[in-house]
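Participant: Line order of the protein sequences matches chains Z and F. Numbering of the first sequence is given in my numbering, commencing with residue 29 and proceeding in unit increments. Numbering of the second sequence is given in my numbering, commencing with residue 150 and proceeding in unit increments.
Derived DMTMM-like pairs: lysine to aspartate or glutamate, alpha-carbon spacing no greater than 25 Å straight-line: (1) F:Lys199 x Z:Asp76; (2) Z:Lys43 x Z:Glu311; (3) F:Lys152 x Z:Asp48; (4) Z:Lys43 x Z:Glu129.
Just so you know, these hints were derived from the structure itself, not from any lab. If you're wondering where the values come from, they're calculated on a predicted model, not measured in any experiment.
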Amino acid sequence: MLWAVLLQSEYRRVKRAVLDLARTNPIILVAIVAVAAGFVALAVRSADFFALLSIVPGGLSGFSILLLLVGSVTGYTFSLTLPKEKYFDEQFRLTTVRPIEMLAGLRGLPLLLVVGVTAVPFVAMMWRVYALVTVPAPGVWAGVFALLYLTAALQGAAVSEVLRGCRSWRLFAIASSALAGTLAMSFLASSRVEDPWYWLATYLPAASIDSDGFAIAIRPVVYVAAAAAAVSAALSVTAWTAYSLRPDPPMRRRRVAFSVPIGTGPLTAFPAWAMLTILRQGESRGLLALTFLTGIGATALLSRWPHSGTVPVLVLLTSTLTLLLTAVVVLTFSEDRFAGSWLIKTVPTSGTLIGLAWWITVSVLTAAIGSLAVGPSIVGFSEGGGYIASALLLIAYASSTTIVGLLLPWSRQSPFRQLVATVALIAGASVAYYVVQSVAQLGTTLGSDGMAVVTSGLLLLVVAGALSVTIESLGSRSTASVGPH
Amino acid sequence: MIKRFVIAWAKGTVSLLLMGFAIVLSIGLVAAIGEWNSFTVGLGPIEFLKHTQGESGGYGIASGWALAPLAVILGLVNGLAAVYFGARSKLAA
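Using the sequences provided together with the hints, build the complete structure.
Facilitator: This is how it looks when you write it as C-alpha cells:
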C-alpha cells in the first residue's frame, strides 16, 4: 500500500507545519481555529436569509451557483499548493512506483480531504435552506449538493493543471473530453428552466413564481439528480486524474536571449524581469489566471443576476477578492519568497534604488493586473464616477498591501532592522489612516467623494513607497557598516 | 530571542488586525443584509461593531480599526508565547 505511505508522509508534512505554527505563533493558530468555527456558525445562521432569496426568481439557483463557484476556486487554489511530482522524479525513477499510486497518496486524497472539510459549512447551510423552503428530503438534496460541490472543486483543480501544462496529448484529449462532458451534460439538462446561469446548477432545486404570483419550488426527480451528479463527479475525477498524470521531462536548462530594450538600471530592469517571471512561473501564472477568471467570471455571473439589493454588495466583495488575489500574485516576488530573493540580494546597487525599483514594480504590476481584472465590473456596474473611484482606491490599497508584504520584517537578519521596520510600519499605517480619514471627511463636506477616494488611495501609495525606500536604505547601511570579514 | 519575539509580535499584530477587518466586514454585511436585530460588540468604552436594524451600509474596513489596540496586545502575547515555546523546544532538544 504505497499510496498509504505517501499519504502518511503528507500528513506528517502538515503536522510539522501546524506544530511549527503552534510553536512560533500560538495566538495566530488559536485565532485561525476560532475564525473557522465562527464561519461555520455564521454560515448556518445566515441560512434563514438565503432561504428568503428563494422567493426571488432565480434566487435559489443563483445562490447555489455562487457556492459551487466557491468550491471551484477552492479546488483550483489547493491544487496549486499541493506538492509537485517533479520534486520526487529522481527518487521515483529509481523505484517501481506507479504514477496512479503517487497521485493518490500525494495529491488526490489530500485534495479530497481539504475540499471535504471546506464543504462542511456550505452543506450544512444548504441543508437548512432546503428545509426552510420545504423541499422534500432536504438531507438527500444536501447530499446531491455536496457531490456537485466536489465536482466543481475537481473541475477547478483540473483547470489549474491545464495551466501548468499537459505534455501528453493523449491524456490531454481524454481529460478535456471528460471536462467538456460534465458541462455539456449540465447544459443539455437545463432547458426547462429560464433562470440565468441555471445550467451550472441544473441538478439542484430552483424556485419560480407561478401564475398566481406564489413562489413554487422546482426540483428534478431526486434519483435522476443524484445519478446525474454522480456521473458528473466521475467525469470530473477522470479529467483531473488524466491532467495530473502528465509525465514530467528531465530538468533542463534553457538560455533565453533577452534583447528587449529595457535598459540596465534597476528601475527598468526589475519591473521587466518581474513581468516576464509572472508569465513563466507555474504558480504565478496560475494565480494570475485565477485573478482574471474571478474578475471576468463574477461580472458575467452578476450581469444576469436577478436585480436586487445584493448585487452591489456581491460586486464589491468579488472586486475586493480579485484585488487581494492580485496582491498575492505580485507577492510571489517578495524577498521572503523564492522568486525575487536572488535578484534583490545580488543587484550591485544602493538600497534606496532597490526600494524605489521594488515600489515602482509592485505598484505598476498590481495596478495593471488589478485594472484588467476589475475592469469588466467597472464597465458593467459603474453608476457615475463613484464606483470607478472606489475601484481605484482598492487598486491603490492592494498595491500598498503588496508593499507592506515586503516590509513585514519576518525574515530579516538584523533585530535592529526588524524593530525599526515594525515601528515604521505601525507609524506609517497610523499616519496613512489619519490622512485618509481627514481627506475623506473633507471630500464629503465638499461633495466630491470620488476625488477624495482617489486622493486617499494615492496618499496610501506614497506613504507605503516612502516606507519601502527608507527601510531598504536602512538595510543597505547596516550591511555596509558590518563590512566584509 | 529578541528576533523571535519581534517577528512573532509583528506577525501576530498584523495577522490579527487583518482577521479583525475581515470579521467586522463580514458580520456587518451579513447583519445588514439579513436585517438582524440591533447589537453592539465592544470591550469597555471601545466599540468594535455596532449594528442598528434598518440602517444600511456604514460597515467598511475602517470599522475594524477599533480592534488595533487589542491586536497589538494579543500580538505581544503571541511574541511572549513564541519565546516561551521556543525555549522549551530548545530544552527538549
